[in-house]
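There are 2 protein chains.
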Amino acid sequence: MANNKVKNDAITSRDVDFAKWYTDVCRKAELMDYSSVKGFIIYRPYGYALWEMIQAYMDKKFKETGHENVYMPMLIPESLLQKEADHVEGFAPECAVVTRGGLDNLEENLIIRPTSETLFCEHYAKIVNSYRDLPKLYNQWCSVVRWEKTTRPFLRGSEFLWQEGHTIHATEEEARAETMQMLDIYEETSRNLLAIPMVTGKKTEREKFAGAEETYTIEALMHDGKALQSGTSHYFGDGFAKAFGIQFLDKDNKQKYVHQTSWGVSTRLLGAIIMVHGDDNGLVLPPRVAPTQVMIIPIQQQKDGVLDKAYELEQQLKAHGIRVKVDATDKSPGWKFSEAEMRGIPLRLEVGPRDLENGQCVVAKRVNGEKITLSLDENLSQTLLQLLDDIHEEMYQKALAFRNDHITNAKTFEEFKDILNTKGGYIKLPWCGDEECEVRIKEETAATSRCIDTEAQVDGVCPICGKKAKHIVYFARAY
Amino acid sequence: MANNKVKNDAITSRDVDFAKWYTDVCRKAELMDYSSVKGFIIYRPYGYALWEMIQAYMDKKFKETGHENVYMPMLIPESLLQKEADHVEGFAPECAVVTRGGLDNLEENLIIRPTSETLFCEHYAKIVNSYRDLPKLYNQWCSVVRWEKTTRPFLRGSEFLWQEGHTIHATEEEARAETMQMLDIYEETSRNLLAIPMVTGKKTEREKFAGAEETYTIEALMHDGKALQSGTSHYFGDGFAKAFGIQFLDKDNKQKYVHQTSWGVSTRLLGAIIMVHGDDNGLVLPPRVAPTQVMIIPIQQQKDGVLDKAYELEQQLKAHGIRVKVDATDKSPGWKFSEAEMRGIPLRLEVGPRDLENGQCVVAKRVNGEKITLSLDENLSQTLLQLLDDIHEEMYQKALAFRNDHITNAKTFEEFKDILNTKGGYIKLPWCGDEECEVRIKEETAATSRCIDTEAQVDGVCPICGKKAKHIVYFARAY
Chain A
143 MANNKVKNDA ITSRDVDFAK WYTDVCRKAE LMDYSSVKGF IIYRPYGYAL
193 WEMIQAYMDK KFKETGHENV YMPMLIPESL LQKEADHVEG FAPECAVVTR
243 GGLDNLEENL IIRPTSETLF CEHYAKIVNS YRDLPKLYNQ WCSVVRWEKT
293 TRPFLRGSEF LWQEGHTIHA TEEEARAETM QMLDIYEETS RNLLAIPMVT
343 GKKTEREKFA GAEETYTIEA LMHDGKALQS GTSHYFGDGF AKAFGIQFLD
393 KDNKQKYVHQ TSWGVSTRLL GAIIMVHGDD NGLVLPPRVA PTQVMIIPIQ
443 QQKDGVLDKA YELEQQLKAH GIRVKVDATD KSPGWKFSEA EMRGIPLRLE
493 VGPRDLENGQ CVVAKRVNGE KITLSLDENL SQTLLQLLDD IHEEMYQKAL
543 AFRNDHITNA KTFEEFKDIL NTKGGYIKLP WCGDEECEVR IKEETAATSR
593 CIDTEAQVDG VCPICGKKAK HIVYFARAY
Chain B
143 MANNKVKNDA ITSRDVDFAK WYTDVCRKAE LMDYSSVKGF IIYRPYGYAL
193 WEMIQAYMDK KFKETGHENV YMPMLIPESL LQKEADHVEG FAPECAVVTR
243 GGLDNLEENL IIRPTSETLF CEHYAKIVNS YRDLPKLYNQ WCSVVRWEKT
293 TRPFLRGSEF LWQEGHTIHA TEEEARAETM QMLDIYEETS RNLLAIPMVT
343 GKKTEREKFA GAEETYTIEA LMHDGKALQS GTSHYFGDGF AKAFGIQFLD
393 KDNKQKYVHQ TSWGVSTRLL GAIIMVHGDD NGLVLPPRVA PTQVMIIPIQ
443 QQKDGVLDKA YELEQQLKAH GIRVKVDATD KSPGWKFSEA EMRGIPLRLE
493 VGPRDLENGQ CVVAKRVNGE KITLSLDENL SQTLLQLLDD IHEEMYQKAL
543 AFRNDHITNA KTFEEFKDIL NTKGGYIKLP WCGDEECEVR IKEETAATSR
593 CIDTEAQVDG VCPICGKKAK HIVYFARAY
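Chains A and B, in that order, are what the protein sequence lines are.
According to this note's numbering, the residues represented by the first sequence are 143 to 621, in order.
According to this note's numbering, the residues represented by the second sequence are 143 to 621, in order.
Hints were generated in silico from the structure; no laboratory data involved.
Cβ atoms here follow ideal geometry from the backbone N, Cα and C, with glycine treated the same way.
Among the hints, a few may not be true.
[Claimed, not checked] Listed next, the stretches of chain A that the computed footprint assigns to chain B, with coverage defined by at least 3 CB atoms under 8 angstroms from CB atoms of chain B:
{"hint": "1", "region": "176-182"}
{"hint": "2", "region": "233-243"}
{"hint": "3", "region": "413-420"}
{"hint": "4", "region": "426-434"}
{"hint": "5", "region": "493-507"}
[Unchecked claim] BS3-like cross-link-like pairs, simulated, lysine-lysine; straight-line CA separation at most 30 angstroms:
{"hint": "6", "chain 1": "A", "residue 1": "Lys451", "chain 2": "B", "residue 2": "Lys368"}
{"hint": "7", "chain 1": "B", "residue 1": "Lys368", "chain 2": "B", "residue 2": "Lys540"}
{"hint": "8", "chain 1": "A", "residue 1": "Lys203", "chain 2": "A", "residue 2": "Lys610"}
{"hint": "9", "chain 1": "B", "residue 1": "Lys170", "chain 2": "A", "residue 2": "Lys203"}
{"hint": "10", "chain 1": "A", "residue 1": "Lys202", "chain 2": "B", "residue 2": "Lys205"}
{"hint": "11", "chain 1": "A", "residue 1": "Lys507", "chain 2": "B", "residue 2": "Lys398"}
{"hint": "12", "chain 1": "A", "residue 1": "Lys396", "chain 2": "B", "residue 2": "Lys170"}
{"hint": "13", "chain 1": "A", "residue 1": "Lys451", "chain 2": "A", "residue 2": "Lys473"}
{"hint": "14", "chain 1": "A", "residue 1": "Lys473", "chain 2": "B", "residue 2": "Lys368"}
{"hint": "15", "chain 1": "A", "residue 1": "Lys467", "chain 2": "B", "residue 2": "Lys393"}
{"hint": "16", "chain 1": "B", "residue 1": "Lys398", "chain 2": "A", "residue 2": "Lys203"}
{"hint": "17", "chain 1": "A", "residue 1": "Lys170", "chain 2": "B", "residue 2": "Lys170"}
{"hint": "18", "chain 1": "B", "residue 1": "Lys291", "chain 2": "A", "residue 2": "Lys473"}
{"hint": "19", "chain 1": "B", "residue 1": "Lys473", "chain 2": "A", "residue 2": "Lys268"}
{"hint": "20", "chain 1": "A", "residue 1": "Lys203", "chain 2": "B", "residue 2": "Lys467"}
{"hint": "21", "chain 1": "A", "residue 1": "Lys368", "chain 2": "A", "residue 2": "Lys507"}
{"hint": "22", "chain 1": "B", "residue 1": "Lys291", "chain 2": "A", "residue 2": "Lys268"}
{"hint": "23", "chain 1": "B", "residue 1": "Lys393", "chain 2": "A", "residue 2": "Lys225"}
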C-alpha cells in the first residue's frame, strides 16, 4: 500500500494520445467508472457532484423564466413512439425494448425513453383545452437510453443524464421566442458557470432533431480541435401538435393547434469541461462549478495547532460561501497535492507549523501552478473569493482565445482540407444549402456541419458545386 | 367553458368512499395523471414540486451526515441480480425485462432496476481495498420499476421515484449506527417537514427486506385507520459483502468483509401527506412542504391599485422567504378560492378595493377555514411566518392525537378482531415470534404486522398459540 509516499498517478499526455488522456482523467479523477453493461457508466460522487452544480444553476434559471418540473414515465408504448413519422425514424434503431413485465410477455412492447416528446404530447393533448391553459412550460431531469455501438464516458453512452424541456404555446411567435430564450440560457450557463465559450447557430436540415422544424445548438471546441455539440433547442412548429391532436380554443373562439419547443443539455457538459480546461496533470475545474473550490492541506499535521488551524480556516471560508474541505487523511502532503491536482480543485491552501508562526499560508492556483503567500487575517476569505473570480475569467479568456484562434475562413475545398488537417477547429465555409454538398464534405473529410452562422453576411460560392452560397456554415470534426 | 362562475369541483367525501376520495384529490389537485401504460403515472408540476420540497430537505440532511450522491445504471444484468439468493427471490416476480437493444436481441437479459443493491455491491467490490476507503456513504435519487398488478397513485406503482442510500462500513457497530441514524432522519423529516407522526420499529423476519438481516420502518396512520409503510432502513450484516466479495485490508493487516446498510423513502410520502391531512375540500398541505404557502387573491382586480398592491405584497412576502403567488388569472375570486383550497395552500390572502382603503387584508387558514383580518403594514410577513409555524404545529398535534387515539392494546384474538373492525388503527399485541401465528392473523383479518415495538416491555402470551410472548407488535391493515 502506497501511503506516505508522493502519489504517482501519471496519466497519458494530451499530446500523445488525447482519447486515452480523456479516459484517464475520467477514471483517475474518480468522475466515473464502468459498469458491467457496455455503455452504462457509474457516475461516482465527484462526477455526480459536478452534474448537481450544473443542475442547481440551470434549474434556478428555468424556474426564474417560468418553467415547472415534472416527471414522465420511463417507458413508452411502441405505438406511441411511432405517432410522429420523422421522430420514430430517428430513434427506432437506438431503442432498448422491454418485452416482459413480471412473469408475463407484454402485449405491447415498451421502449425505455430515448427522449420524451411523445409522452409530453400525449399528456398535453389531455390537459389543454383553452388559451387559458397556455403556455405550458415543463422541464424534466432524468436519464434516457439510446443504444449506442461506440461509447465514451459522458460523450456518448447508452444511458445518460439530462434535462429535457418541452413547451407549448398559443402562437408561433411565442414558441420561437422560447426556443431562442433557452439557447441563450444554455450559452450563458456555459460562459458564466463552465467558463466555456460556445459557438451558437442553427443546424442544417440534415443535422436537425428528428421531428423538429428548426434546431439551434451550442458547440464547444475541445483542446484537440474537435467540436462537441453541447446543447440543443428545437422549434417544432405544429407538427407534433397535429400528430397528437393538441388543440385549444383561442380567445377568438377558434380551435387552433399549439406551437411547440423542446430543449436539452446532458452530462456531455462534463465531457466539455474536461476537454476544454484539463491538462496533463488531470482535471482543471472552473471555480463556479467546482464542488470543492479550496482544498486545505495541513503540512506536518501531527504538530500542535496545525489541524486546529486548518479546521478553523475551513469554518472561516465556509462562512463566506466558499466550498472548502480539509484533507486530514494519513497520506503525505505530496500525495494530497497530486490528488487535489488530478481532481482539478481551483485552489490548494497549505498551512504548516512555520506558516502558523508567520501568520500566513501558501495558496497554489491549479490553473497555472502559481503560488501566492497570503496573511491569515480577516481578509483571507475575500481575497480567495476574488482569486476564484479572477480564475474563472482567466480560464474563460484562455478558452475564448483558443476558440477564436481556431475559427478559420475557407473559400476552396482544398483550403478547407488543409486547415482541417493542420490546425483543426472550426472552418467557416460558404454553402449552397444542398444536402449533397454537405454530405460530400463529410464523406471526404469526416468534418460535419456544426451550425449555420445566422448572423453572418453571406457572400461567395459553395466550393463544392460552385453555386451561389445561401449560408455561412461552421464545419468541424466533432465528437 | 366555465369562467366567471364559482368552481364546482366537488369530490367524493372521505367518509363515503375513502379510496375514491383519494384518487379524486390526486387528480383534481393536479398532483398526477395517468399515462397510457398501466401503473406508470405522470408527476404533474404540483405533485413533482412536493417531491422536490422533500428532496431538498432530505438531501441536505444526507449531506450534513456525510453522504454523497451518485448515479448507477438503470439496467442490471440478470445474472448480477441473481447473486444474492434471498434478494433475487424477493424481486424476480416484479421485474421489467429488456430483451432487445438497438435492432438486436441481447445475449443476456437486462432488468430495469427494482432497487440497486447489486449494482452498488459490484461497484464497491471494485473500488474498496483498504480501511482508508471506508466508510462509503452513497445515496441515489432515481426511479425504480417493479411490475405491480394492482396500482394506486403514489402508493403502489410500477414505477416510482425514491432515494436509495447504500453504505458500507468497517465494523458491524458502525453499520448498525448508520441504520438507526437514517431511521431517525426519516422520522424527523416526517415530523418536522410533513407534520406526520410516525410509529417506528423493527420488521418481523417475514416482513423484512429481501436480503436484509434487519429492517427498521417508519409507519404512518391514514385517516381511514390503515397504516402506510413510509420508509425503511436495513442492516445487511456482511451477507451481500460475502456474495459480492467486498473485502478490505484492515488496520490489523487482515482481510475483512464490510458491513452494509441500505435505506429508502419514496413518493409514497405524497400519499401519506394526502391521506393524513386531506379533507373533503381536497388537499391540506403542511406549510413547510407546501410549494406555495400563501396564495394572494385579488378581489375586483380590475379596480385601480388592486393588482399593483397584490404584486407589491408578493414581493414583500418573498423577501421574507415566504413561498407566495398571486392568482391574477381572469377567473372569478370564488373559483380561485376553490382552486387554492383543492390544492391545500395553507394561507389565502384576499385583497380588494375596500381592504386597500382600510389598509388591511383578509387571511384564511386552509386547515380550518378560520379568517383573520391583518394590517397591511411592515409586520405582515412576520405575522404570516408565525401563522405558518403555528399551522404546522396544529396539524402535527392533530395528527398525533388521531394516531395516539388509534393505538389500542389487545390481549385476545377476539378483542383484536373487534378493535380492527370497529376502530381500526394500530393494535399492539404480544407475539410469540413464530411466523405461523403472524400468518394466521393476516389470513383471518387482513391485518399485517407493521413492526416490533423495540422499546416495549414484553409480557403476556401470544393469543394465537398461547406461548410466552417474545415481542410486542404493532398490527394494522395497511396500504
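Mind listing which of the numbered hints don't hold for this structure, in increasing order?
Numbers 3, 4, 5, 6, 8, 11, 14, 16, 17, 18, 23 - these are the hints that the structure violates, sorted from lowest upward.
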